[in-house]
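S.K.: As a plain string of letters, each chain reads:
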Amino acid sequence: MKTVELRTPLDERQISQLESGDKVFLSGVIYTARDAAHKRLVALIDEGKELPFDLKGAVIYYVGPAPSKPGQVINSAGPTTSYRMDLFTPLLLEHGLKGTIGKGPRSKKVRDSMVSNGGVYFAAVGGAAAGIASSVKKAEIIAYDDLGPEAIRKLVVERMPLFVVNDIRGNDLFEAGVSNYRREE
Amino acid sequence: MRELDVTSITEAVKDLSIRTNIHLPDDVKKALRDALEKEESPLGREILQVILENHDIAERENMPICQDTGVAIVFLEVGQEVHLTGGALEDAVNEGVRQGYKEAYLRKSMVDDPVIRRKNTGDNTPAVIYTRIVPGDEVKIVFAPKGGGAENMSEVRMMTAADGIEGVKDFVVDRVARSGGNPCPPIVVGVGLGGSFEKCAMLAKEALMRPVGEPNPDPVYDEVERELLRRINNLGIGPQGLGGRITALAVHIKTVACHIASMPVAVNIQCHVNRHGETII
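Chains as they are written, first to last, in the working numbering: chain A, 1 to 185; chain B, 1001 to 1281.
Pulled out of the complex, with its shape left as it was, chain A reads as follows (with noise of 0.2 Å):
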């Protein structure tokens, strides 16, 4: 387990080098999505249609954030549970999804989707949420503003904290976790 600083857009060999357990400090340009928008995004891809950021090297964090207020970058910011993208997930990383960032476990689908096309999942702390908003530089909403909490903002972040849950070897920072405190009864 190691520290790690990573700028976005994310590359093959960024991505190859983080393993399952390393703390992250990320940098850059991110996407937020969560339920609605996931819907929308893959409807577009189905179409043929373009979406509203370009996918390739991107990362998306699961979030809906609380509204700011006047003067404020964004308000509380902390991650949603991820399995409910799930089903979306690996038609993103076909497209060039590099990394999700949310909360809890991810399906074998996302995982093994994740190893074949090469994408990462972090974590960050759910319920962590007015700690990460001081990560968030910038923040603007740029599709679906009708969807409210749930539409896609382009934030700028820098050096936001997580872990790695999920590297492209297959490895997962739940299953491991959880093997190395269990005790049988």
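Calculated from the structure, these hints are not laboratory results. Keep in mind that a hint or two might mislead.
Straight-line alpha carbon distances no greater than 30 Å define the calculated DSS-like cross-link-like pairs of lysine-lysine that follow [stated by the list, open to error]:
no., chain 1, residue 1, chain 2, residue 2
1, B, K1119, A, K39
2, A, K69, B, K1038
3, A, K23, B, K1140
4, A, K108, B, K1169
5, B, K1038, B, K1169
6, A, K23, B, K1199
7, B, K1102, A, K69
8, A, K2, A, K69
9, A, K138, B, K1119
10, B, K1102, A, K137
11, B, K1199, B, K1169
12, B, K1029, A, K154
13, A, K137, A, K39
14, B, K1030, A, K39
15, A, K137, B, K1029
16, B, K1119, B, K1029
17, A, K69, B, K1199
18, A, K49, B, K1029
19, B, K1199, A, K2
20, A, K49, A, K2
21, A, K23, B, K1102
22, A, K2, A, K109
23, B, K1102, B, K1119
24, A, K138, B, K1102
25, A, K154, B, K1119
Chain A regions said to be covered by chain B (calculated; three or more residues, Cβ under 8 Å) [unchecked claim]:
no., stretch
26, 6 to 20
27, 24 to 32
28, 40 to 46
29, 112 to 126
30, 169 to 183
Quick reminder that beta carbons are idealized off the backbone N, C-alpha and C, glycines included.
Mind docking chain B on chain A? Use the hints.
M.R.: Quick look at chain B alone, frame taken from chain A:
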């Protein structure tokens, strides 16, 4: 008969919605500090530290602890000596939610239709309101913002007498095991036993309102809670599900009588941001 204008209920709900989303109850904070002492996993300890620091940041910056400021769950106990004036009770509660979530920049997380249209209502209403008429001339309001991630891991099962207490324990532990890191552990587990299909779910929710660290008044169920907590923490799920000794801060059981044919069991999972507060008018 005491006359009470419902605007006082609007005010109280508004204040509670803001306070509970920014300030965590002391019992929950203490339980998380204790968890940090006990946690053996270095990653688990780091996560607990981040969680504790976040409480301070939220209070200092006047920001919600979690971006998911929840569905507004409101328990009302209205004294039967109270005559409410100035409008409808539920409208007054919803107005309090509307004002509080707007004023404090809390997230609006409600959609109008659960399945097909799913359009955000824009003001976090409607609240989920439960009203009981009780003796007295006071109105008690308990406000609990409930996040979606942990709520999604909850379950009701209609068990039978033959399943017994061992069946209940296995179901609760299995429900937590299947939840893994999804509900933002360390969690609080509310268990409702008895009543009917919907009543046991209510009991499980009410059980979450008991302060963490306060024992079950029934020694028999207190013992069951202790055993369940041990078994749940032996699952190894740990903070955020990334492995560790502390998966749950507490298990709270609430029981009520039930039909001879039934043994309804509900498990309501609560994340570490175990928010609730109350006001008596």
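S.K.: Does each hint fit the structure? Answer for all of them.
M.R.: These are the hints, each one checked on the structure:
1. B/K1119 with A/K39: Within the cut-off at roughly 14 Å; holds.
2. A/K69 with B/K1038: violated (38 Å)
3. A/K23 with B/K1140: It is violated: about 46 Å lies between the C-alpha atoms, which goes past 30 Å.
4. A/K108 with B/K1169: Holds - the C-alpha atoms of B/K1169 and A/K108 are around 29 Å apart, at most 30 Å.
5. B/K1038 with B/K1169: Holds, at roughly 24 Å.
6. A/K23 with B/K1199: Since the Cα atoms of A/K23 and B/K1199 sit roughly 45 Å apart, the hinted pair is violated (cutoff 30 Å).
7. B/K1102 with A/K69: Roughly 10 Å between the alpha carbons, so the hint for B/K1102 and A/K69 holds.
8. A/K2 with A/K69: Violated - the C-alpha atoms of A/K69 and A/K2 are around 36 Å apart, more than 30 Å.
9. A/K138 with B/K1119: Answer holds: A/K138 to B/K1119 is near 27 Å, not above 30 Å.
10. B/K1102 with A/K137: holds (24 Å)
11. B/K1199 with B/K1169: With Cα atoms ~19 Å apart, B/K1199 and B/K1169 stay inside 30 Å; holds.
12. B/K1029 with A/K154: violated (33 Å)
13. A/K137 with A/K39: Measuring from Cα to Cα gives roughly 27 Å; hence the hint holds.
14. B/K1030 with A/K39: Outside the cut-off at roughly 40 Å; violated.
15. A/K137 with B/K1029: Between A/K137 and B/K1029 the Cα gap is close to 29 Å, so the pair holds against 30 Å.
16. B/K1119 with B/K1029: Outside the cut-off at roughly 35 Å; violated.
17. A/K69 with B/K1199: Not satisfied, since the Cα-Cα distance of roughly 40 Å exceeds 30 Å.
18. A/K49 with B/K1029: violated (48 Å)
19. B/K1199 with A/K2: violated (50 Å)
20. A/K49 with A/K2: Not OK: A/K49 and A/K2 at ~40 Å, beyond 30 Å, violated.
21. A/K23 with B/K1102: violated (36 Å)
22. A/K2 with A/K109: Between A/K2 and A/K109 the Cα gap is close to 27 Å, so the pair holds against 30 Å.
23. B/K1102 with B/K1119: holds (18 Å)
24. A/K138 with B/K1102: holds (23 Å)
25. A/K154 with B/K1119: Distance of about 22 Å is within 30 Å: holds.
26. 6 to 20: That given contact is violated, which follows from only 0 residues of the stretch 6 to 20 of chain A lying within Cβ reach (below 8 Å) of chain B.
27. 24 to 32: violated (count 0)
28. 40 to 46: violated (count 0)
29. 112 to 126: Holds: 3 residues of the stretch 112 to 126 of chain A have a Cβ under 8 Å from chain B.
30. 169 to 183: holds (count 10)
Going down the numbered hints, you'll see the structure goes against 2, 3, 6, 8, 12, 14, 16, 17, 18, 19, 20, 21, 26, 27 and 28, while the others check out.
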